[in-house]
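Chains as they are written, first to last, in my numbering: chain A, 1 to 318; chain B, 1 to 340.
Hint data in this document are derived by calculation from the structure and do not stem from the laboratory.
Derived EDC-like pairs: lysine to aspartate or glutamate, alpha-carbon spacing no greater than 20 Å straight-line:
(1) A:K71 <-> A:D202
(2) B:K244 <-> A:E87
(3) A:K108 <-> B:D330
(4) A:K71 <-> A:D7
(5) A:K29 <-> A:D221
(6) A:K250 <-> A:E316
Covered by chain A, according to a simulated footprint, are these stretches of chain B (three or more residues, beta-carbon under 8 Å):
(7) 223-234
(8) 247-257
(9) 328-334
Pulled from the structure, derived: some chain B residues nowhere near chain A, Cβ distances all over 10 Å:
(10) F55
(11) L159
(12) A190
(13) T260
(14) T294
(15) I309
(16) I318
Note that the structure is a prediction, hence the values are computed from the model and not measured.
Note that beta-carbon positions come from the ideal geometry of N, C-alpha and C, so glycine has one too.
These are the residues of each chain, in order.
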Amino acid sequence: MSVLDVDRLQVEVFETGIALLRDITLSIKPGSIVGLVGESGSGKSMFSLALMGLLPSGVRVTSGKARVAGKSILKGLTNQYVNSSREDIALISQNPRAALNPTMRINKQVIRVLRQRCNMTFKEARSEVHELLARVGIPDVGRVANSYPHQLSGGMCQRVVIGMALSTRAPLLIADEPTTGLDVTIQAQILMLLRKLVGESDEKSVMMVTHDLAVVSSMCDQLIVLYGGQVMEVGPTREVFANPRHPYTKFLLESLESYADGSADSTPSVSENPIDFGLSGCRFSNRCPFSTPVCQTTPPPAIADNTRIAYCHNLESI
Amino acid sequence: MARYLFQRIGSSAVTIAIMAILVFFASRVLPGDPALVRAGSNATPELIAQVRTQFGLDLPLHQQFLQYLYGLIQGDFGTSIRTGKSVTTELMHRLPATLELSLVGFLIASLIGISMGIIAATNPNRWPDTLVRALTAVGGSIPSFWLALLAIFFLVYNLGVFPSPIGRLPLGMSPPPRVTGFYTLDGLLAGEVSVTLAALGQLALPALILGVLGSISVTRITRASTIEALASGHARAARGFNLKSPSIFLQEGLRNALPTVITAMGLVAGYLIAGNIIIEKIFSWPGIGQYLATAISQSDLDVVQGFVIIVGIGYVTINLIVDLLYSVADPRIELGGSKS
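With the hints as extra help, turn the sequences into a complete structure.
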């Protein structure tokens, strides 16, 4: 059974009917780390907010299904999100220092999560704090537990947040840019920690929301490429990196390579049209050099190939 | 902590000293001749000269100033030219009346302000919030004297809910033996419950008016800063951990709004100490505000100076308390700016 199963999820701005996310279909297997990548405006953060039931006002899920650990998280006639299922997801947000309450000591914050999410008594929770912090690799647990967030480094705060996310026992952790704003060495440590924690249990999975392809290539088993609120390509990370099928993925990886060897100044050969959320066809069609008239009018079909899926009309001709 | 307090008290003393100097010269610039007022309208030039000599008004300005400073250091604000009594004694005699009224007004303002702010912040942009915002907009545009007159007309004259605005006690009742100067407390201390109840009754309407007016800024700031705190990263993270809504409202919202709310309450406290001259006048409240109003109209300079200094000390003290509470409410604030 998948940890996360999303079937044709549609998220729209209520007043205008503009689809911010269109027909998102994906699934995440237990014990895996999946990278959700895309540039700004691709809808990757909107997707995690939709799963959390934290969509901004005026934006709502209009159709589709989403299941976490087999439980449907979209209920009711209007597909309005019901809070009760949110317990199966925990969100590790970006900017760890801002994610912790500045007016509470760390141990109080951890105790609070343990009491409210694991039904522990205050005593039970208090005795659990040190063990939990040690599990996420915090060295001087006693000092950290007694500190306020502003007294800790960003990396230490992120460890605390990850520890709190783990303590919720949610099978799905959504990590939204978990390493932005951290030093490169600390980034690596945090990523290794996440890897290790997922490796320790067979049920937990992590969905990493990021624009950092380097992080994705080192961390993720699976890759989901989003553009303009639409899935472009899905597949095992190594295969997608070695042999991208979708034009957008190709350009994304090319831009990474040319950036790495310094040969290009910006994204190559892709027109700089902004994302057009009004397009009835493929959202990438107004930037895609392989675009044909059908791309503009009809959403692309899912073309599966073994473990991989690409959403494109013209895969054969490319 | 002790060092910080010491520094702050030192700088407060400097502030008050500067204020004392300014108020002396400012009051000399005021139009009106105290000696003329004291001597009366039919006074002979000789009598006026005599009054000048008696109160030291014939001395050169710098000598008057030195005398004033010398008195201040000893806690002596001079002599009221109108009554001939010590200003210190008269102000201290009236101060408890003002403090009692201000304190109750402040409690009412905090209570109404924080509750209304919470009600609005729990339902942003829905009808309770809209109602609260409408009330603060209306309340903020009513002058205090007008609200007081309306309240007296409707609540005292028409409906008789509150007693007549004739001061701290009803006619014919004598004040309790003075211990704190707060009639409500002194009544209890003397075992005269009826006096306490009567004093509370007299206090109710003016305190309520001060409280309602003071609550407006507290309401607005409680509402705005709680809503802002609930939109912050840690509030989002708390929702991401699926913590319970009331807990998020308290810990992420209200708790993080607290420093700003304390600041707002400090401002209201300062306003109440200095600003209830009009309310005291309307309710015949024998406090320092009413004393000042009379003193200004009679060119009673020493009283004006004494009032300004006492209110200044109150203001500085409130600011110090706000800063101390602020550092308690927000662990990121280090007293004295030093890192621990």
